[in-house]
Each structure stands twice: as structure tokens, then as C-alpha cells.
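Undergrad: The residues making up each chain are set out below.
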Amino acid sequence: MTHLPVLPVLVPMVAAILLLAVHSAGAAVLRGVGLAAVALLAAVAVLLLAATAQGAVAVVAIGAWPPPFGIVLVADRLSATMVAVTAAVAVPALLAATDGTDLQGRHFHPFFQMQLAGLNGAFLTGDLFNLFVFFEVLLIASYALLAHGAGAARVRAGLHYVVLNLAASLVFLVGLALLYGALGTLNLADVAGRLAALPLEEAAPARAGLALIAGVFAFKAALLPLGFWLPHAYPAAAAPVAALFAVLTKVGIYALLRLSSVALADDAPAAAGLVAPWLMPAAIGTVVAATLGVLAAPSLGAIAAHLLLLSTGMLAAGVAEGSAPMLAAVLYYLPHTTLVSAGLFLLAGHIAATRGEEARDRIRRGPRLPRPGLVGGAYLALAVAVTGLPPLSGFLGKVMLLAAAPATPAGYAMWASFLLSGFVAALALARAASVLFWERSEPRAAVGRAAPPRLGLALAVAVGFVPLLVLGAAPLSAHARATAEQVAARRPYLEAVLPRDLPPAARERRP
Amino acid sequence: MELLVSAGIGVLVAAGTWLLLRERSFSVVLGLTLLSYAANLMIFASGRLAADAPPLVLGEAERLADPLPQALVLTAIVISFGTTAFLVALALRASAETGGDHVDGGEGER
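Residue numbers (the numbering used here), protein chains in the order written: chain A, 64 to 574; chain B, 27 to 136.
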């Protein structure tokens, strides 16, 4: 199927249009269409993984406009992995949302599908301006999803989130304008080629543009000086929305990885030292700040948000280091941390739903949890996985990251911050569990409400990924290694997008 | 013309940044609007400024304008218009829910 890379964008987009058309048909129809679309998306993601598993890079020129003039969608192992992770998070998130969250406001389902379309488009596009467009698609959907269900806290967090993201989008646009003015192209592979040919003394506008764009990606990933919006926004969102948002920061990580591996490789003097020198300190700083945040967080949702921030920092440190073994570790750790973070957000929503409006998921006394064994088991599994204790996947991922860390000051900083953050996270999660599960409010016999059944089912699906990630560690890490090699090799991507026999019409210098 | 356009962009960015840092959500919306004008002008200028140069050739033309930034700027205008409209709606709802148009909700700290 030559048009396979279009489907991850097309399926949710068509579903969103369909959902808008039938928006008055009743909850059952909307949920059915939404879940069917997500299931179809998961099937497409599996097909895409299979199609790219042997190292093929599938390129689709939209409207048959040849690159670099038209927009291309490019699916290699990295893009396919990201699409698969998105689908894997979308299934439990949407399942959890069908338990009433989707009825708290209007048009939840179309926004959810548009969010997926934007995410998949951002993972697949090979054009920087198109990346901006898909960023906006996923952001507009995320604005609406974040504010879904109202409440003063949610609206306030939503306002900050929207204003900051709009400002970031404008910086992105300015960066794109500088880059286009300097190079005359926004196709990523073409940018790489022209950057390599650009003499250093003429490179200042292009460098400024690329630096602005990389800064915007760091903002999306919520790295240290630009990440203070995340701990406010995510815990305020409804649990299924927060679970889906676990993928959102990974867009920033993915975009940084793609930009630095394709366009900013070493052989272009104009691109030297644009990202790596500041990305490593920012990443380590994010890990440290998020560790402190985990200790100070007042609710389980806030703990989950800071743990998400923590894992993003670790991934960014890996991207900044950039060697092939390190990228393999990053690409093994990324699916793990995304799925486990989504599970933690769902768990926080589950506990909040059972403990009532008074206590919710705040770390203080509340009524006894119904079925504490099952919820506690889920908590234990997710906590062990997220803190990186053996025997679950977080431990394997951390071992891979630390084993790939070089013997340099940056590598020592990674060792120290990763190990300390794991210890502190375990401490905070243990303290939170002892309060949430054991400390009862008066009267001591009061039992919380039963959780909505499908939220429990969604939680079970999310927790079900944890043993899968351990049992499938060998094929997963082999795939991560192959992906990292493809990313580091860089040639397959460039040659798939811009074949060598392209007519040289596009190659002349601009005035 | 280059001086005029670049000075215009500079003034728009300066005014937009100042408004963006104000505490009332209305000023923030205005600031973002001015910043988006600046970004759009910047994209437009990235195709080089030229007068009397058609972007598409139907017959004979001596010089040509780069059509791509014009397409890009149209996309950017539509997107920033849409997101600004959403932001206005959200700010209105925030002021309805929190009883003030301070960006932190309510009347803010005195």
C-alpha cells in the first residue's frame, strides 16, 4: 500500500468529520464511532510498523507534487513507532472517556479524533511548515479538550496553556520565516542538504531560525525554563484527557530528535552547536526540577504530571547525547514512559472518582477505597514501572539509558540525576500510597463510591501494557536499536525524500 | 521599503510583547494579535520584497515574486485568526467563571 502513511492522519480526521455530522445521534453512537476509529487507527499503526520494520522509508507526496515543492509524509521506523504509541495511549484514554467524561461538555469525540490526527500528522510530516500546521491542529484540539468539562481551575489553566502555546506558535512562525528566507525551502531533507552547502559567514539567519524552532520544540517538550505550564495544565484536565496528553510532550522530543538527526548533523558547519550545548543542561535541569516537584505535589495527578516531566527530561538528555546506543535507549524508554504515565493519570482519575469531591486524588485522608486490592495492585505496578525499580520496564529502560551514558561530566550528571530522581519518586509514591490507601477520614467505616466500570476497564488496559513491556523487552529493544540505527544513519531518510536523480531545477541559489 | 517593513515588524513585536505581559486577558489577546501580525509580515518578507512582480506567470513577466510565502502567510493568518477567536471565547468564559478578567482568574492580587 503506497498510501499507507496518509492513513494515520486520514482515519481520525474522517472520523472527526463523521462525528460532527452525527453529533446529535446520542452517546452510544458517538462512542461507537470513536472507539471504532481508534481501533482502526491501532490496526493502521500495526500495518505501518510492519511496513517499515525492514528499514523501508515510505514517502507519500501529497497531491503528487514532488518534493521539495510539495508536502511529503514520511514514515520510517521512528515515525511508525510514534504513531503506534499514540494509538496505544488513545485506546485506554477513549475507553475511560466513555464513562461520562465525554458528556460533560460538547463535541468531546470530534476533538479527541482531531487531536489524534494532529499528533499523527506531526509524527509523519517531512515538511517544517506542515509540522507547524499539524502542531496547530493538535493544539486547537488540546485547548478544547483541556477546557472540556469546565470548572474554574480548568478554565484558568486552559487560559495560561492557550496563551503560552499561541506565543510559542508565533515564535515558530518567525523561525520558519527566517529559515525560508535564508534557504528557500522548508522541506526537512532539503533543509539538511542546503544547510550543508551554506557557507558559515552567510549562515546567521538560518541559524537564528533553527534555534528559534528548536526552542519551540523544547517548549512543547516542557523542558526546564519553558516547562512551568505543564504541572498546572495536566492535573487540571479530566483524567482521560491527561492520559492522552502524555503523548503531547513526546511530540516535542520527537521533533527535537528529528530536527537534530536530519538537519543538524555534523557535516554542516552552519548547523554546528545549535541544539546539543543547551539541550543537555536544560534536560538535566528538568529532571532535577521535576524531582523536587514530585516531592511537593499535593495530589496524585500532580505527581503524575511531574513524573511525566521527569521522563521528558530524561528523554531529552538522551536526545542531547545523541549516540546510537543512547538513542536506542531513548526509543525503548519512550513508549514505556508514555504508556505508564497515561496509566498513572487514569489511576489518579479512578481514585478521584471513588473518593468523592471532598478528597479527590489529593494526598490527604479520605473515605476507604472500594476494592483496595485491585486498585492497589494497579498502583504498585505503575509505581514500580515509573520509578524504574526492577523487574519492570522502567528498570530496563533506565539501565539502557545509564549504560549508554558517556564518561563525561554530562554522563555523570545523567547518572546522578536519574538515580536520585528514581529514589525520590519511589519515596513520594510510597508516601502518597500510604495516605491514599491507609489513612481514613471520619467516620472510619465510610467507603468511597464505586468507580465507573469502564474507567476501571481502561485502567486495566493501561496496566496491562506494563507486563507486556517487560515480556516483550527483547523484541522491543531490538526494534528500538534498529530504529536508532536508522535515525543515526540519516542517509535512508534523505535519499527516500529527495532521490539523487531529481532535476537540479530547485538547486540554484536564491537572490 | 526594507527599512519600513523591518521597522514595522519591530514596532509590532515590541508593542505585542509589552501587551502580552499585561495582567488583563484583553490586553494579552491584543498583544498576541499584534505579534501574529509581525510573524505574518515576517513570513511575507521572507520571500523578498518586490513591487510589480506577479507570483504566477500567465504571459510574459520580467520578474517574479516567490509565491510560496504568500501561500504560507495565508495559512498562518487563518490559523492565528482561528486560535485568537478561541482564545477570546475562553477568556470570556474565564471571566464568567472566575468573576474577573485577570489572567490568573478573578481580580488577581492587589
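Keep in mind the hints are simulated off the structure, nothing from the lab.
Each hint should be verified, as a subset may be incorrect.
Claimed, not checked - On the chain B side, residues computed to face chain A include the following (Cβ under 7 Å): (1) Leu58; (2) Thr59; (3) Leu61; (4) Ser62; (5) Met68; (6) Ala102; (7) Thr109; (8) Arg119; (9) Ala120; (10) Gly125.
To be verified - Now the in silico label distances, taken between C-beta atoms and shown as ranges: (11) Ser53(B) - Leu112(A): 44 to 50 Å; (12) Leu47(B) - Pro555(A): 29 to 35 Å; (13) Gly336(A) - Thr101(B): 43 to 49 Å; (14) Ala106(A) - Arg74(B): 45 to 51 Å.
These numbers come from a predicted model, not from an experiment.
Glycine included, every Cβ here is placed at the ideal spot set by N, Cα and C.
Undergrad: Each hint needs a verdict: does it hold in this structure or not?
TA: Hints, verified against the model:
1. Leu58: holds (5 Å)
2. Thr59: violated (10 Å)
3. Leu61: holds (5 Å)
4. Ser62: holds (6 Å)
5. Met68: Holds, because the Cβ-Cβ distance from Met68(B) to chain A comes to roughly 4 Å (cut-off 7 Å).
6. Ala102: This hint holds: Ala102(B) lies near chain A, its Cβ roughly 6 Å from the closest one there, short of 7 Å.
7. Thr109: holds (6 Å)
8. Arg119: holds (6 Å)
9. Ala120: At 5 Å from the nearest chain A Cβ, Ala120(B) passes the 7 Å test, so the hint holds.
10. Gly125: With Cβ-Cβ at 9 Å, over 7 Å, it is violated.
11. Ser53(B) - Leu112(A): 44 to 50 Å: For Leu112(A) against Ser53(B), whose Cβ atoms are near 48 Å apart, the range 44 to 50 Å holds.
12. Leu47(B) - Pro555(A): 29 to 35 Å: violated (46 Å)
13. Gly336(A) - Thr101(B): 43 to 49 Å: At roughly 32 Å between Cβ atoms, Thr101(B) and Gly336(A) fall outside 43 to 49 Å, so the hint is violated.
14. Ala106(A) - Arg74(B): 45 to 51 Å: Cβ of Ala106(A) to Cβ of Arg74(B): about 47 Å, so the range 45 to 51 Å holds.
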